[in-house]
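Engineer: Residue numbers (the working numbering), protein chains in the order written: chain A, 1 to 356; chain B, 1 to 340.
Honestly, the hints are just simulated from the structure, not real lab data. Don't take each hint at face value.
Dumping the calculated EDC-like pairs for lysine to aspartate or glutamate here, alpha-carbon to alpha-carbon at most 16 Å [as the list claims (entries may be wrong)]: (1) Lys215/B x Glu231/B; (2) Lys122/A x Glu222/A; (3) Lys122/A x Asp73/B; (4) Lys122/A x Glu216/A; (5) Lys313/B x Glu146/A.
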Amino acid sequence: MILHRLLSGDLPRSRVLWAVLIAIMAALAFTPFLLPGMKALNVAAKICIFITLVASFDLLMGYTGIVSFAHTMFFGIGAYGVAIAMSNLPPGWGAVAIGVGAALAASLLLSLLIGLFSLRVKAMFYAMITLAVATAFMTLASQLSEYTGGDDGLTFKVPELISPSFQLLERPILGVAIDGRVVAFYLLVAVTVVLFLVMLRIVNSPFGRVLQAIRENAFRAEALGYRIVYYRTASNVLSALFATLAGALLALWLRYNGPDTSLSFEIMIDILLMVVIGGMGTLYGSVVGATLFILVQNYLQDLLKLASDALVKVPVLRDLVHPDRWLLWLGILFVLSVYRFPFGIVGRLRLKALKR
Amino acid sequence: MNATVPTSPALEPLPTVRIDKLPILLLPALGLIALPLVHSFSTWVTLTFAGLAMGMIIFIIASGLTLVFGLMDVLNFGHGVFITLGAFVATTVMARLAPWADSLSLVRNLMAVVPAMAAGLIVAALVGLVFERLVIRPVYGQPLRQIMITMGGMIIGVELIKALWGAQAIPLLLPEGLRGSILFGDAAVEKYRIIAVVVGLAIFGGMLWVLGRTKVGLLIRAGVQDREMVESLGYRIGRLFIGVFVTGSALAGLGGVMWGMYQQTVTPEMGGQVNVLLFIVIIIGGLGSVGGCFIGSLLVGLVANYAGFLAPKVALFSNILLMVAVLMWRPQGLYPVVKR
Numbered sequence: 001m002i003l004h005r006l007l008s009g010d011l012p013r014s015r016v017l018w019a020v021l022i023a024i025m026a027a028l029a030f031t032p033f034l035l036p037g038m039k040a041l042n043v044a045a046k047i048c049i050f051i052t053l054v055a056s057f058d059l060l061m062g063y064t065g066i067v068s069f070a071h072t073m074f075f076g077i078g079a080y081g082v083a084i085a086m087s088n089l090p091p092g093w094g095a096v097a098i099g100v101g102a103a104l105a106a107s108l109l110l111s112l113l114i115g116l117f118s119l120r121v122k123a124m125f126y127a128m129i130t131l132a133v134a135t136a137f138m139t140l141a142s143q144l145s146e147y148t149g150g151d152d153g154l155t156f157k158v159p160e161l162i163s164p165s166f167q168l169l170e171r172p173i174l175g176v177a178i179d180g181r182v183v184a185f186y187l188l189v190a191v192t193v194v195l196f197l198v199m200l201r202i203v204n205s206p207f208g209r210v211l212q213a214i215r216e217n218a219f220r221a222e223a224l225g226y227r228i229v230y231y232r233t234a235s236n237v238l239s240a241l242f243a244t245l246a247g248a249l250l251a252l253w254l255r256y257n258g259p260d261t262s263l264s265f266e267i268m269i270d271i272l273l274m275v276v277i278g279g280m281g282t283l284y285g286s287v288v289g290a291t292l293f294i295l296v297q298n299y300l301q302d303l304l305k306l307a308s309d310a311l312v313k314v315p316v317l318r319d320l321v322h323p324d325r326w327l328l329w330l331g332i333l334f335v336l337s338v339y340r341f342p343f344g345i346v347g348r349l350r351l352k353a354l355k356r
Numbered sequence: 001m002n003a004t005v006p007t008s009p010a011l012e013p014l015p016t017v018r019i020d021k022l023p024i025l026l027l028p029a030l031g032l033i034a035l036p037l038v039h040s041f042s043t044w045v046t047l048t049f050a051g052l053a054m055g056m057i058i059f060i061i062a063s064g065l066t067l068v069f070g071l072m073d074v075l076n077f078g079h080g081v082f083i084t085l086g087a088f089v090a091t092t093v094m095a096r097l098a099p100w101a102d103s104l105s106l107v108r109n110l111m112a113v114v115p116a117m118a119a120g121l122i123v124a125a126l127v128g129l130v131f132e133r134l135v136i137r138p139v140y141g142q143p144l145r146q147i148m149i150t151m152g153g154m155i156i157g158v159e160l161i162k163a164l165w166g167a168q169a170i171p172l173l174l175p176e177g178l179r180g181s182i183l184f185g186d187a188a189v190e191k192y193r194i195i196a197v198v199v200g201l202a203i204f205g206g207m208l209w210v211l212g213r214t215k216v217g218l219l220i221r222a223g224v225q226d227r228e229m230v231e232s233l234g235y236r237i238g239r240l241f242i243g244v245f246v247t248g249s250a251l252a253g254l255g256g257v258m259w260g261m262y263q264q265t266v267t268p269e270m271g272g273q274v275n276v277l278l279f280i281v282i283i284i285g286g287l288g289s290v291g292g293c294f295i296g297s298l299l300v301g302l303v304a305n306y307a308g309f310l311a312p313k314v315a316l317f318s319n320i321l322l323m324v325a326v327l328m329w330r331p332q333g334l335y336p337v338v339k340r
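The following block holds chain A by itself, in its conformation from the complex (with noise of 0.2 Å):
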């Protein structure tokens, strides 16, 4: 069967978290036209993007069992890699393939360094390493400012096809101009589909078994000849290269990159939080995550508002759903599903599916 192979072998396998799953893509889809305006756009463009982030991170940590806290800057630099090429070439696709594949190619060189030097520790060591080479990272990116803009960034010119003055049909489809966000946005939703396809493959692979292996039991993996070094600093290139990818896509669709956008540190949060909310070890997760997440951050500051206007006679109640405070509910969520359901949402589904 064609979805069969399209997915690997790896269904949902429930049948709620198909219909999450298909009215996810069906709303990503006829975002343009069901819900104009650009805030809409972007919060769908930003889901997009973060699904290949959060599978990527996924493919890491949830796969492997390695927490990095050095994904963002991975992310940072597919990010500075196109924006660095946009604003100094002129502005065509070629531009845009260089910049990728300078940024794929830097990427590379430092997942393979970090992970040959500290994947041979325990997790914790290695957590904290890339905690401070990120750290390190981001400092660098915003001093070498005659490159890389400072902490104002960089704002450039895109390809004519996916620039926003850009027409490609005369007449509006359904009301809608479609312009060239539009196009952006619609290349944008096929690139997320073809990468995460591939990642689902990658880790339905039997390569990506003995990276669940060693995620279970890295002794044991060892035990049965798997050089688990090796096994452990190609998913940590992998989830580098897809990680660049994802900031590629963010600076295209921003037009804009800089430190806050795609380097600083509350990113990396955002995907540990969506990564385990959505489910670790299963890539759908991601997808449910990062739209679970993306949403709420968006919009439960609206509805927040409204409980802490309530509530506005009531001190410390009115100051805990604040809608500034929106990411303390993530986070008690976050800690939640650590503890109750540590394989997120798409972990309960499957389970209650398997249950029935």
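Based on these hints, arrange chain B on the given structure of chain A.
Structural biologist: Frame of chain A, contents of chain B only:
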């Protein structure tokens, strides 16, 4: 770390543990290398003191983290939240005691600063007790979940702090009597830095005494070496661990107050920023080693200050370069703890 072994008088005294002196020599060596580069002796004294003060504050914060790790393999990524908490509590106390803090008399100033530090310490200890129970206890022995859960604890903690105190930076100014410098010849040394060094040394001394000369300390050291053996002898290492965790949180709270006064402002993000520094320090020192943590902290403080003076651009990366250099020399840190 000095480790004396209790002996009964009838037996031959057991050989004492040899102390590895090389890492200790790093500190004076670093100072001597910096001296000709800085050129002026008085500047060097100022820089050295600034570095020592910074190092002492980092040590106060990091010591609990490394001990908790050594004892239970628990690495608390949320350690930073206690720093922030301590500092914010101090701003409240200082604001209440503003008349004393603004007074010109040193005694009255101290009557404002000491309660502020004490409050930061106590509140951090209490929250540490709750944190250990709610966040850390359910995930003993599961490193992956531990990293995530302590991170989650930190997110929630920081958000709660923002809800209580607001998200903006709050100034935490030193009282009048503690500002300014004392001149030693040509060298100006800030009064507050002297206080930081004294407090840091006192805590280091106290810690060495507890760890080296008391029964509790003996158990902690034994627990770091081999937890199961201590348990099989009938000691409840869980209780011991709670004690160490709460002490570590309390020290982080105190360190947070001192760090806030050092920086003169307090922000909800300060804990997360210091966290990175802490990890570097405990990696340099060797995970679980208090002595290593002490030397690591001072090295970080000194290098940051010398580099900040000699090459400001390099200073931003001095910590990480220092870490790489130390790990090249000793991959397990300055004082590797035996079991790892």
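Engineer: If you draw a straight line from the CA of lysine 313/B to the CA of glutamate 146/A, is it 16 Å or shorter?
Structural biologist: 14 Å, holds
Engineer: Below or equal to 16 Å on CA atoms is what counts here, so check lysine 122/A against glutamate 216/A.
Structural biologist: Measuring from Cα to Cα gives roughly 14 Å; hence the hint holds.
Engineer: When you check the alpha-carbon spacing of lysine 122/A and glutamate 222/A, does it fall within 16 Å?
Structural biologist: 15 Å, holds
Engineer: Does lysine 122/A pair with aspartate 73/B here, judged by a C-alpha cut-off of 16 Å?
Structural biologist: 11 Å, holds
Engineer: CA of lysine 215/B to CA of glutamate 231/B, is that 16 Å or under?
Structural biologist: 15 Å, holds
Taken one by one, the earlier hints all hold for this structure without exception.
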